[in-house]
Amino acid sequence: MNNLLITNILRFILLLLMQILIFKQINILHIGPVYPDIFIYPLFLLLLPLTISRQLLLFIGFISGLTMDWFYDSWGLHASACVFLAFTRPFVLRSIEPKGGYNTTYGLTIRRYQIAWFLQYCAWAMLLFLAFYYSMEVFTPVFILEIILKTISGFVASMLFIIIVMLIFNPMD
Amino acid sequence: MFGLLRLFSRFGPLLIFLFLESVCMMLIVRYNDSQRLIFASSASAVSGAILQANSQLTSFIGLKKEIAAMQQRIAELENQNRNAFYYDENQTDTAFTKIDSSGLKPMYVFIPAEIINNSISGKQNMLTINRGKKHGILPPMAVISDKGVIGIVRHSTDHFASVMSALNTNTRISASVRGKGYFGSLIWKGQDPRYLYLVDVPKHDSVLKGDTIETSGFSTLFPKGIPIGTVAKIWIGPGESNQQIQVRLMTNFSTVRRVFVVKNLFFEELKALQQQSDNE
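Protein chains in written order, with the working numbering: chain F, 1 to 173; chain A, 1 to 280.
Just so you know, the hints here were simulated from the structure itself, not pulled from any lab data.
Since we're looking at a predicted model, the values are computed, not measured.
The beta carbon of each residue, even a glycine, is placed where N, CA and C say it ideally should be.
Do not rely on the hints blindly, as some may be mistaken.
Here's a subset of chain A near chain F, in silico, CB distances under 7 Å, partners left out [stated by the list, open to error]: (1) G12; (2) P13; (3) I16; (4) F17; (5) L20; (6) E21; (7) C24; (8) L27; (9) I28; (10) Y31; (11) Q35; (12) I38.
Estimated spans, in silico, between C-beta atoms of each pair [stated by the list, open to error]: (13) A:A49 to F:L10: 49 to 59 Å; (14) A:I50 to F:L10: 47 to 57 Å; (15) F:I6 to A:L18: 24 to 34 Å; (16) F:I20 to A:M26: 22 to 32 Å.
Take a look, some chain A residues computed to stay more than 10 Å from chain F by CB distance [stated by the list, open to error]: (17) I50; (18) A53; (19) N81; (20) I116; (21) S119; (22) L138; (23) D146; (24) S174; (25) K180; (26) G181; (27) D192; (28) Y197; (29) P202; (30) G237; (31) L273; (32) E280.
Here chain F stands alone, though its shape is the one from the complex (with noise of 0.2 Å):
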């Protein structure tokens, strides 16, 4: 348990050191006028333990939101999409439960269960995380087709470096 805290910790650190050390600096990638933003962060709430209680996930999404607000200059943005996909992930994980079940013990991971499955978790709560993410940057209806175009872009670019992330460290839990 103790090694689980300190384990998340240090993801968290660490995801947060890359997210704007090395993330938040590359907008070399365009596709026509759109430059997606990546995000790798969001990957720390969804490696989270599965005993972990959805009130306390509220909380740790909130406070890991603020922070990276404290970094990105934007107060309240990243906090309301990290609540909403904390808020989410009971969901998500409920819908796209493996046959056999989960297994409280292990962490929600390419190594315990398959790249696919992983996939499939990943995609469906980066794309509530970024849909939420832009509504509330655009912060109106009125452009929605914007919404729309920066949510498949910053997408398909946070996947990717998710992805490579995770191959690269291939954590157990």
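Knowing the structure of chain F, use the given hints to seat chain A on it.
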């Protein structure tokens, strides 16, 4: 308390989610310029709609007060109407004495009142208004509405006055045809409360259907030119020298509420004159 705990244990995550999201919203709107502008404009659109609805509601509540104020204002304006004045222009020595610039002396004063009791079903209909001696109302004074003649004050107490309605078989009001000058008496025959009859108009006077009937100003009570109704039907009975003119009233007596009592400032003088000529 137990119910609250149960509620929280059931919807806890949802409540926490909503709480945290609202905190985030506050932060977003507070610290991010573009979102703040969007929020401010949307909020003003919403609050504008709410405020408008509120003002509609409160204006409805305040309507009664508003109407009273409006009626007061109408009374003031009526007091300035030319027909409410006594013309003092043609003095014999106008060339030498200075007269006040307008040459008008106020003759009629209008006092706003409200009908609190009304009937139209009988033959001798009476009304009650909520103004009396304290407001300067004494019999006989004329009562009019914004659309025409209502009746004549018969009795007054300190706070109330009873009015003989125009829909009373005893009422006779001197009336004339607007723009033509033919005049007669307006009576009610006790049947349809929508119609009065103008009698004593000689049959050679060419009154047409649709002509406006107004007060003639010959009585001491009504100022000249107050509209009463329009000519609905004209006929001459066999062997009669006068024509029968049916007048459609402009005032709907079954719904009228706001009226004005007309006070003639020269009433005593006119009455004294009449008495003198009667005595001779």
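Hint by hint, here is what the structure shows:
Checking G12 of chain A against chain F by beta carbon gives a least distance of about 6 Å; that is within 7 Å, so the hint holds. A distance limit of 7 Å between C-beta atoms decides the matter here; for P13 of chain A the minimum to chain F is near 4 Å, and the interface restraint holds. Evaluation of the I16 of chain A hint against chain F yields a held restraint, the C-beta minimum of about 5 Å falling below 7 Å. Here the hint on F17 of chain A is kept, as its CB sits about 4 Å from the closest CB of chain F, short of 7 Å.
For L20 of chain A, the interface hint holds, since its Cβ comes within 7 Å of a Cβ in chain F; the closest pair sits about 5 Å apart. With 7 Å as the threshold, the beta carbon of E21 of chain A comes within range of chain F, its nearest partner Cβ sitting at about 6 Å, so the hint holds. Because the smallest distance between the Cβ of C24 of chain A and any Cβ of chain F comes to about 3 Å, under 7 Å, the interface hint for this residue holds. The beta carbon of L27 of chain A comes within 3 Å of a beta carbon in chain F, closer than 7 Å, and the hint placing it at the interface holds.
Hint status for I28 of chain A relative to chain F: holds, with the closest Cβ pair at about 4 Å, below 7 Å. For Y31 of chain A, the suggested interface contact is upheld, since its CB lies about 4 Å from the closest CB of chain F, less than 7 Å. Taking 7 Å as the C-beta cut-off, the interface hint given for Q35 of chain A holds, the closest approach to chain F being about 4 Å. For I38 of chain A, the interface hint holds, since its Cβ comes within 7 Å of a Cβ in chain F; the closest pair sits about 5 Å apart.
For A49 of chain A paired with L10 of chain F, a C-beta distance near 52 Å keeps the hint of 49 to 59 Å intact. A beta carbon spacing of about 51 Å between I50 of chain A and L10 of chain F agrees with the range 47 to 57 Å that was offered as a hint. Look at I6 of chain F against L18 of chain A: about 32 Å separates their beta carbons, and that is inside 24 to 34 Å. Distance hint for I20 of chain F and M26 of chain A: a CB-CB separation of about 24 Å, consistent with the stated range 22 to 32 Å.
The non-interface label for I50 of chain A is consistent with chain F: the shortest C-beta to C-beta separation is roughly 20 Å, beyond 10 Å. Here A53 of chain A stays apart from chain F, with its beta-carbon at least about 23 Å from theirs, past the 10 Å limit. Distance check on N81 of chain A: its Cβ is at least 57 Å (rounded) from any Cβ of chain F, clearing the 10 Å threshold; non-interface status holds. With a closest Cβ-Cβ approach of about 56 Å to chain F, I116 of chain A is found to remain outside the 10 Å limit, as its non-interface label requires.
The beta carbon of S119 of chain A sits about 61 Å from the closest Cβ of chain F, which is more than 10 Å, so the claim that it is off the interface holds. With a least beta-carbon separation of about 69 Å from chain F, L138 of chain A lies farther than 10 Å from that chain, consistent with its non-interface assignment. Non-interface call for D146 of chain A relative to chain F: holds, since the shortest CB-CB distance, roughly 50 Å, exceeds 10 Å. Residue placement check: S174 of chain A keeps its beta carbon more than 10 Å from all beta carbons of chain F (closest about 70 Å).
The claim that K180 of chain A is not at the interface with chain F holds, since no C-beta of that chain comes within 10 Å of its own (minimum 66 Å). Distance to chain F confirms G181 of chain A as a non-interface residue, since its nearest Cβ pair spans about 69 Å, more than 10 Å. Distance check on D192 of chain A: its Cβ is at least 62 Å (rounded) from any Cβ of chain F, clearing the 10 Å threshold; non-interface status holds. Distance check for Y197 of chain A against chain F: the nearest CB is about 68 Å away, which clears 10 Å, and the non-interface claim stands.
Every CB of chain F lies more than 10 Å from the CB of P202 of chain A, the least distance being 77 Å, so the non-interface label holds. Remark: the non-interface label on G237 of chain A is consistent with the geometry, its nearest Cβ contact in chain F lying 77 Å away (cut-off 10 Å). With a minimum CB-CB distance of about 80 Å to chain F, L273 of chain A clears the 10 Å threshold, and the non-interface call stands. With a cut of 10 Å on Cβ distances, E280 of chain A stays outside the contact zone with chain F, its closest approach being about 90 Å.
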